[in-house]
Amino acid sequence: MGVEFHITRAEFWADNEDAQITADEWLNYINNDKELSRYIINGDYYALWSGHSLYEEPWLDWSAGNIYTKWPDTYLYRKMLGIAKYLNAQVMDDDGTIYSDESQWEYDPSPNT
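First residue of the sequence shown? That's 1 in this note's numbering, and the numbers climb one at a time after it.
Honestly, I wouldn't trust all of these hints.
To be verified - Cβ-Cβ distance ranges computed for the label pairs, FRET-style:
id : residue 1 : residue 2 : range
1  : E11       : I41       : 16 to 24 Å
2  : S50       : E17       : 12 to 20 Å
3  : S37       : E106      : 31 to 39 Å
What the hints assert, rightly or not - Here are the simulated EDC-like cross-link-like pairs (lysine to aspartate or glutamate), alpha carbons at most 16 Å apart as the crow flies:
id : residue 1 : residue 2
4  : K85       : D95
5  : K70       : E106
6  : K70       : D95
7  : K70       : D93
8  : K70       : E57
9  : K85       : D33
10 : K85       : E25
11 : K85       : E102
12 : K70       : E56
13 : K70       : D94
If you are wondering where the hints come from, they were derived from the structure by calculation, not from laboratory data. Even for Gly, the Cβ is constructed at its ideal location relative to N, Cα and C.
Could you build all of it, start to finish, from the sequences and the hints given here?
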């Protein structure tokens, strides 16, 4: 289990039938962002982020009209905010809490914390 963050256009990420980010939109975004690359061994819409992160392989994936990841570190979270802004969407956790500012989420996955 863990914290899952979603980039979504919906008021609640799981109820997004009328507000989906399409797979084509996500793939187009990946293709135009030099920091993202598809890693299809984990699925057709799975992408690795090459930006600064505390994770060895920070990732984002698309499913059912949302883009998501689990336990984003602070840096990946900030990347998600930028993607959300570009896609006219928002970042939301599983409970429906909306995150719109860089200061709202900080997570350091290092074993020393």
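Against the structure, the hints:
1. Distance hint check for E11 and I41: the Cβ-Cβ separation is about 34 Å, which falls outside the suggested range of 16 to 24 Å.
2. A C-beta distance of roughly 33 Å is found between S50 and E17, which places it outside the suggested range of 12 to 20 Å.
3. The supplied range of 31 to 39 Å is broken by S37 and E106, whose beta-carbon atoms lie about 26 Å from each other.
4. Annotation: proposed proximity of K85 to D95 is violated, straight-line Cα distance about 20 Å (limit 16 Å).
5. The hinted pair formed by K70 and E106 meets the criterion: a straight-line CA distance of about 14 Å does not exceed 16 Å.
6. Distance hint between K70 and D95 is fulfilled; the C-alpha atoms sit about 13 Å from each other, no more than 16 Å.
7. Annotation: proposed proximity of K70 to D93 holds, straight-line Cα distance about 10 Å (limit 16 Å).
8. Of the supplied pair hints, the one linking K70 and E57 holds, its CA atoms being roughly 12 Å apart against a limit of 16 Å.
9. For the hint linking K85 to D33, the alpha-carbon distance of about 14 Å falls within 16 Å, and the restraint holds.
10. Using a Cα cut-off of 16 Å, the hinted pair K85 and E25 holds, with the two alpha carbons roughly 13 Å apart.
11. With a C-alpha separation of about 12 Å, the suggested pairing of K85 with E102 holds against the 16 Å cut-off.
12. Among the hinted pairs, K70 with E56 is consistent with the structure: their alpha-carbon atoms are about 14 Å apart, no more than 16 Å.
13. For a cut-off of 16 Å, the pair hint linking K70 to D94 stands: about 10 Å separates their Cα positions.
Hints 1, 2, 3, 4 from the list above are not met by this structure, while the remaining hints are.
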